[in-house]
Amino acid sequence: MADTHKQWLEKLEADSRAKQEQFMNDIAAKLRHPRMALKPQHPFRGAPDFWNAFEWSVEERIKQFTDNFLSVGGHVARLETMDEAKSFIVQKADEMSAKYVVRQNQPELDALDLEGALPASKVSVWNTDSEQYWRARAAEADFGIVLADHAVAYTGSVTVLSAENKGRSVSLLPTVLIIIIPIERLKTRLGEVLATFDEAGHDHLPAGIHFISGPSRSSDIENDLTIGVHGPGIVYALLVG
Amino acid sequence: MGTGAKTGATVKARADLALNDEFLRKAVRFTTERLRNGKKKATDEHGNWEEWRERGRQIRLHTIAHLDYYLNLFVNNARANGVHVHFANTAEEAVKLTLDIAEHAGAKSVVKSKSMVSEELHLNHALESIGVEAVETDLGEYIIQLAGEMPSHIVIPAIHKNRYQIADLLSKEAGYTLPPDTTALAGFVRKKMREKFLEAEIGMTGCNFAIAETGSMVLFENEGNARMVSTVPKTQITLMGMERIIPSWADLEVMATLLPRSATGQKLTMYMSGITGPRRAEDADGPDEMHIIIIDNGRSLQLGDPEFQELLNCIRCGACLNACPVYRHIGGHAYGSTYSGPIGAVLTPSLNKNIAEWDDIANASSLCGACYEACPVKIPLHDMLVYLRRRKVESGNGSMMESIGMQGFAAVMGSSARLGGVLRLGKLGQKLVVRSGVIKTKLGPLKGWNTYRVTPSLPKESFRDRWDTLDQELKHGLKQMDPTMQNRMEELVKKREQEEKQGKGGHGHG
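Chains A and B, in that order, are what the protein sequence lines are.
With my numbering, letter number 226 in the first sequence gets 226, and the count goes up by one each step, no holes.
With my numbering, letter number 373 in the second sequence gets 373, and the count goes up by one each step, no holes.
Everything labelled a hint here was simulated from the structure, so no lab data went into it.
Ideal placement from N, C-alpha and C gives every residue a C-beta, glycine not left out.
A few of these clues could be false.
To be verified - Some chain B residues near chain A, calculated using beta-carbon distances under 7 Å: (1) His66; (2) Arg163; (3) Asn222; (4) Leu252; (5) Ala256; (6) Arg280; (7) Asp360; (8) Leu425; (9) Asp471.
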């Protein structure tokens, strides 16, 4: 079966490569130019110059991020240290009696020792046991805890990148999402974060790059806003530092 | 395919149905106004909107003008990331590829996030024909799937359903009665969909943008279902229109600035995801196998066409629908196809290359240009509607009566003697139909106009009749006004002003 599946994929790829040439030649012919082999000049790449020069102070970034995140129904806490973040999470877990907690496997989160601080909850650490079906662990979780890779004040967004130790499901499947944002990762503009992906290039990008700007929402029924349709309905952004 | 409200044969027939549906009209008006106001607020707040629009337009123009380069680059990079890329010239080819992948994945069910391309392909029925359940997971799409209808708005597909109708549909699915309460209904869907996400073998998405330089595909959404279908199932299939390309992540900043603000007035959708290949070997979630099907289905017909190439710049925000006075009155189903509103009126005939069959939807527009004003990438939709009408006539699909009428008009207006003759005849003839100064008859060609209006009668003495006298006066009398005449006129003006003050005003004539 494995072999036939591989053979089938190889056949599809051969078909695709043959068709690619025809497809691109057809486009070039319709555009009335020969096939373009060299990168064309792109004088309008990215945002206008006046925008790229725009930057807020740290205080302004914190204020704007907070305003934006609150305006879409998210929650924000401004904290000094990771210890405060720990107490915040413990208190919330207690308040909501979170039975299942799943967190990313990152040293900053290891240091919180939530496993020790939440004896009544089952705390799972992402991808630490290859026998587990981790998507199901995330799906059953009351709390998902992640560390932001980037954040953007202007749009009130947090960026999380997937990796072996950082599951995409952890920020998606639990009922409550808690995102810790080290303050130095909070930028002004979306473009500051997007530029890092251009710099990385295709062979250094993670499979999943996710910008999260608040709780899951829909207005599909009579324009009536509903929170938590598929993704987490309760989202805490903890600005730390 | 559930063709929903497409029961009438023409736009006019379908629009009549919509105009009789009071709830639909109110819902469409309310939603479009909400979205339009949201957009206005968001764009005002952001500032320099015209510069952003122009930048968006330039990026789209540049990419489409070099599409062979950028699409090829995207394909090579996506393949290097481990994606299986396929090409489909037609909807049939795309369906065939999808079914082939579904069969090899041993799929029993496919969970889908919102994709207009998939609507174009009528994929759900094809999947069901080979025994694969296709589940729409976007709340609005799920509702219209249960109802067996088509989306009536590009951003809010179930705009035409009220909560009671939705509660009925979902109760049938649940097997027990759900209250007509938004939170309860959404709660049911969340629970139901969780099971579907976890058991489906295939997740299927559309694609808002594809980044050529890294081979990544980008999805904008608010619910989180697109993340679900691209994270949980083992196989991911992405359907992508061949024109979805932008060169870089830097360009995505411009699109991310334009798209959510234009669609819903948001600064950014709740989720924006960039997916670069299937899960890495060491990752514990994400699809094992990822397919991208690049679809032409009539798009390349626009390439190299000076009148319609800009159609490919569209970023599917729906702002033109919300701005359109015609859409506001007749709703999406009256357009009778996947894409509605001004963009649909141009895109449908263009993609289908059968102007004759879709000719009437090009007429469902007042050519007011509100769609162009609203468009974040400045597509001149109202001009395109005129081009479409012209092509329809040129291809011999015009109305015969209209052609005869226009020829007659040209013959009469081409000669002043002929016009004078016709007007004299008209003055005689109208005696039969004029009642108290206006014509109200609904006979013959006057039926369409007089159903809602009246036609003014021809005056006893027309401007043309008086021209000789006026011409004389202009040449001689007005050169130097006689002082006594001037005094008399000034007195007349004073007298009239006084009369107006006393409330005797009014400019009667005849």
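Hint numbers not upheld by this structure, sorted from lowest to highest: Hints 7, 8, 9 are the ones this structure does not satisfy, whereas the remaining hints hold.
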